[in-house]
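Chains as they are written, first to last, in my numbering: chain A, 67 to 375; chain B, 13 to 292.
You may find that some hints are simply not true.
As the list claims (entries may be wrong) - Derived pair list, reagent style DSS-like, types lysine-lysine, alpha-carbon separation capped at 30 Å:
#1 A:K226 - A:K327
#2 A:K226 - A:K251
#3 A:K180 - B:K160
#4 B:K286 - A:K202
#5 A:K174 - A:K142
#6 A:K341 - A:K142
Hints were generated in silico from the structure; no laboratory data involved.
Okay, here's what each chain looks like letter by letter:
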Amino acid sequence: MTNHYLSVEGLKKAYPTRDGKAGTPVFEDIHFSIEKGEFVCIIGHSGCGKTTILNVLAGLEEATGGVVIMNGREVKGPSLDRGVVFQSHALMPWMSVLGNVAFAVKSKWPDWSKAKIAAHCTEYLEMVGLGHAIHKQPAELSGGMKQRVGIARAFAIQPKMLLLDEPFGALDALTRGTIQDELLKVVQATHQTVFMITHDVDEAILLADKVILMSNGPLAKVAEIVDITMPRDRTRAGMHHDPQYYRIRNHLVDFLVNRSKTYAGGGEFEQYDPKRPPVVRPGLVDTSDAALAPDAVRPLTQLKKVVNQ
Amino acid sequence: MSTNLSFRAALLSVLLFACFIGIWHLATLPADGGAVSAADAEYAALMGQGAGKAEGFPTPAAVGRTFVHFLSDPFYDNGPNDKGIGIQIAYSLLRVGAGFLLATLVALPLGFLIGMSPLMTRALNPFIQVLKPISPLAWMPLALYVLKDSDVSGIFVIFICSMWPMLLNTAFGVASVRRDWINVARTLEVGPVRKAFRVILPAAAPTILTGMRISMGIAWIVIVAAEMLVGGTGVGYFVWNEWNNLALPNVIFAITMIGLVGMLLDFAFGVLQKMVTYRD
Ligand SMILES: Nc1ncnc2c1ncn2[C@@H]1O[C@H](COP(=O)(O)OP(=O)(O)O)[C@@H](O)[C@H]1O
Ligand SMILES: [Mg+2]
């Protein structure tokens, strides 16, 4: 069937309305895949169902239709294989910083000694620059520090895949930059597979291998998949010098501002097939409307097949 | 600034208390029309406490003497009808403690169950709604008939009245644990027992403690009434007994003690509450 590390097939979610009937699906016919070691960002306007998709991937929520397959097995329920960094950090305020991470580590390795757990946790807290704060209570930390504890907690259990829901959404730009750098470093070192929701275009370009663009809900779709073709060793300071950066950035912003509303198949997107959303590489072409020329990246034969269906 | 405020508040409290005593004193001055003759006052003083019994409401001075008298030897025991106030209060506290402990043992697990399961919430709700408004003393005849022991019946009444605030608060606290924390536990595949003790219990503890504090307040109110009813020992019985002796200063003394002990109990639960409250 597929040989992707993770594949999402025909995902659909409809919340019941107040009177118990099935409402209009928030999204339907969502298809995409993630390879091992890949960093995938998803961008879309608020309410298009990004968090819902992430919760389905995490196993915290059940889809109305479709499946998520990871490592050849269907995702059913949450698992230590998939670490989640929550939008609101979700630290437990009655435990210290170390206690929060230790709670996770103890869940993964129940047989470890206290000392081993503490050493392991400290290592990961140091990795996110919180070595000095391990005995503090969460209430004593700033928003950025709390979010870093959340990241350390998710990394410490060494999950096969990491799911992040707008982890830096509530932070000021400066703090966000620092933590992005840290995340970048850690991900480059560990080759972690990551699925991340963001609303920050620059963040997506800095971190992602590919960006999934979602059209507006309800009935949201995967509109496009944008390959970030810039070299992998990007840095926040240096990426602006790459000519690709502006082309990609313009493409993403243009999508969010102009095209996300109307992108629902049909019309000029006749050849749109939800099973194979167009893959575009705006970094490599000179025009910013690369979506209208998907043949730039997709073999023509495949396109024909799609149209003939 | 804040020390200044608390100092002024304390000063005002003392003043108010002095006013209260002053008014009380004036109101209970022997009133026989015009001026009080010296002989009358002397006569009243001579009669001491006996005067309080015979003539109307006791004076602050008489009540003050009663306080000194009882507090100078709170733990004497001269048979069934004459025990020190310390012993009486200890009896009451013992009953309250036993009933409250039993109620905790039932209310916390049951509250957990109700809070975790919408099915149990709905299934048990009618029973709780009917049982909750019943005055705990209304159970007394049934308790006496079934349990055949006034002491145990008192404990049962405390058990029943402590039950509801604890049960409802536990259920509410458990049901409203933040979704995020539950989701963290789920993604970490935490087992049910560990989840209950490491996540849900600490998260709901402040709400649960609030319920326990309310329960303790109610239990201390109810024990006095219950002991008046079943008699024998305890501070409630003491009040009733002194009323039968028409010894009003003793009654006022006992009332004050009931208030002070209730305040201390509430204070203790306030401390516990502070201990489990987390800053978010
Ligand atoms: N528990 C729920 N019950 C009903 N509707 C929901 C629920 N959760 C989310 N929704 C709806 O689903 C849509 C998508 O929500 P969400 O996944 O949070 O979007 P995003 O993260 O992209 O902003 C929203 O319109 C929201 O109102
Ligand atoms: Mg969201």
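Here is what the structure says about each hint:
1. A:K226 - A:K327: violated (35 Å)
2. A:K226 - A:K251: Cα-Cα ~18 Å, so holds.
3. A:K180 - B:K160: Outside the cut-off at roughly 53 Å; violated.
4. B:K286 - A:K202: Roughly 19 Å between the alpha carbons, so the hint for K286 (chain B) and K202 (chain A) holds.
5. A:K174 - A:K142: holds (18 Å)
6. A:K341 - A:K142: Holds, at about 22 Å.
This entry does not satisfy hints 1, 3, going by the numbered hints stated previously.
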